[in-house]
Amino acid sequence: MDWIMAILEDLLFIAAAPLLAGWIKRVKCRLQNRKPPSLLQPYRDLLKLYRKQPILPHPASWIFRAAPYVVFAATVAAAGFVPLVAVDLPTARIADVIVLVGFFALARTFLVLAGMDIGTAFGGMGSSREMTIASLAEPAMLMAVFTLAMSAHTTNLSQAMNYVLDTGLVLRPSFVFALGGLMLVAIAETGRIPVDNPATHLELTMIHEAMILEYSGRWLALIEWASQIKLMLYGVLIANIFFPWGIARDFSPEALGLGVGMIVLKLGLLAILLVLSEAVFAKMRIFRVQEYLSFAYLLSVLGLLSHIILEAARVHH
Amino acid sequence: MSITDLDLYSQAILLLAGLIALTSFLMLGQSRLVRLVFIFAVQGALLAGATAMAAGVLDYPHLYISAGLSLLLKGIIIPLLLHRLIHRMGLHREMDTIDHPARLMMGGTALVVFSYYVSLPIVQHSTLVTLNAIAVSLAVVLLGMLLMISRRQAVAHVVGFMSIENGLFFAAVVSTYGMPMVVELGVAFDVLVAAVVFGVFFFQIRASIDSLNVDRLSKLSEAEQ
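Line order of the protein sequences matches chains A and B.
With this note's numbering applied, the first sequence corresponds to residues 1 to 317, in that order.
With this note's numbering applied, the second sequence corresponds to residues 1 to 225, in that order.
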């Protein structure tokens with residue numbers, strides 16, 4: 001029963017990711033006074049790409065062909081570890097956040113290798129940029145996770161969520177800082193403005209697009225889908241760790257229904273927040289990303305320090 | 001006693017303490033003077049919020065007065081004064097150079113750890129709930145000093161000085177429930193007068209070296225310029 005639930009939840013995760021991307025696009029269009037496409041447009045795009053014949057560049061090796069599958073599989077596996085609707089999942093019990101970061105790193109490594117594999121200038125440039133950003137974003141993310149772990153005494157996601165649910169509403173300075181740090185990391189890692197612009201093919205600014213420029217057909221569909229899932233993963237992480245209220249703690253239909261409704265609400269609100277920040281901030285120069293990510297790191301470190309200084313239990317003599 | 005045992009208001013005081021420390025770090029990393037003054041105003045407002053919360057939790061009505069005073073002075077009047085000065089001197093587009101931002105931030109973090117280490121013995125011998133924040137107030141003082149050391153613009157020095165005063169005021173609120181009213185009023189007006197006097201000084205400095213960059217003060221003769 002548990003495992004069926006876990007698999008169903010993972011499938012729901014994968015199926016809902018393009019919907020979130022469609023929602024983000026829609027809100028963005030509204031903000032820019034454009035006529036929005038249908039919510040289902042990302043599904044149509046994926047289907048169209050899937051039907052097209054993929055083209056293999058001449059110098060491509062097996063890495064180029066394997067990368068989309070590895071990226072997609074790693075992202076799907078990562079989605080399985082993050083509680084979406086219900087907390088107590090067997091898949092969430094066997095892996096913690098560090099494994100999650102590891103799966104992201106695996107997917108990224110293959111994407112970077114594939115970018116360099118075909119030997120075009122753009123691929124190499126995108127790969128080097130992606131690795132630069134990742135090497136700065138990963139420590140910040142891990143610091144935020146450790147901040148969380150110091151309060152919850154675990155790096156396991158479902159146990160951490162249970163801990164937050166059990167203690168109720170506590171205004172923790174460390175959580176506020178960790179939330180800020182994780183949000184900044186999420187924006188950098190999913191390639192949104194101000195770090196990268198997902199909607200552009202302008203040569204000198206792109207990062208993610210530069211790596212996957214040679215992909216077409218179903219391989220491109222898989223990579224696009226994987227990046228949509230990754231975006232949703234970060235959204236669910238932020239929503240369910242810091243605001244876990246409403247998530248189902250057992251498998252009764254009412255609890256599950258409430259869980260689905262709450263996560264839709266939370267993700268919808270987070271998406272609006274993301275679009276608003278994208279509307280307010282301009283894309284920054286690539287050399288300023290380092291400052292941005294060191295600020296994320298600073299936030300996470302301050303979270304860690306404020307846990308020790310402000311929250312820790314004191315011993316009375 | 002850990003944070004889960006406290007009531008929501010005391011938690012909010014600790015949260016505000018964390019945010020005050022964050023504003024100090026933001027000031028340290030901000031090279032535009034107008035934004036620097038804005039962050040200083042935010043710090044003043046957060047300080048006033050924390051003081052008002054403390055007044056509510058501890059049932060010390062006179063703290064409400066000092067909260068209102070610090071909101072008025074540090075959140076509104078002094079930032080407005082500085083803002084007007086910056087515009088009148090044509091500095092609102094100028095960028096102050098920060099030599100090693102990453103090293104500066106690491107130094108700031110080290111100062112936070114240091115002030116925690118220093119205040120640990122004090123905190124351990126008390127049952128006062130908000131005393132955990134004393135390390136933060138000490139850190140705000142030290143970060144204000146670091147801001148003064150690392151900058152060349154005289155305006156940034158003044159902001160650093162004012163934020164040191166913020167740290168001292170916060171220390172007084174969290175450790176002794178605020179200073180006596182007379183002292184507090186005196187300090188508040190001293191700070192206001194200081195802001196005005198600094199304004200006069202800016203014009204003096206600019207008249208003599210034609211800039212507010214205090215590095216130029218170390219040059220003895222005008223011939224080598």
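Please note that the accuracy of each hint is not assured.
[As the list claims (entries may be wrong)] Computed footprint of chain B on chain A; a stretch qualifies when at least three of its residues, placed anywhere within it, have a C-beta under 8 Å from a C-beta of chain B:
#1 22-28
#2 300-309
[Unchecked claim] Over 10 Å on every C-beta distance to chain B, these chain A residues come out as not near it, computed from the model:
#3 Thr167
#4 Pro194
#5 Thr200
#6 Ile286
#7 Ser294
In case anyone wonders, no lab produced these hints; they're calculated from the structure.
Note that beta-carbon positions come from the ideal geometry of N, C-alpha and C, so glycine has one too.
Check each numbered hint against the structure and report the violated ones by number, ascending.
Result: hints 1, 3, 7 break, sorted rising.
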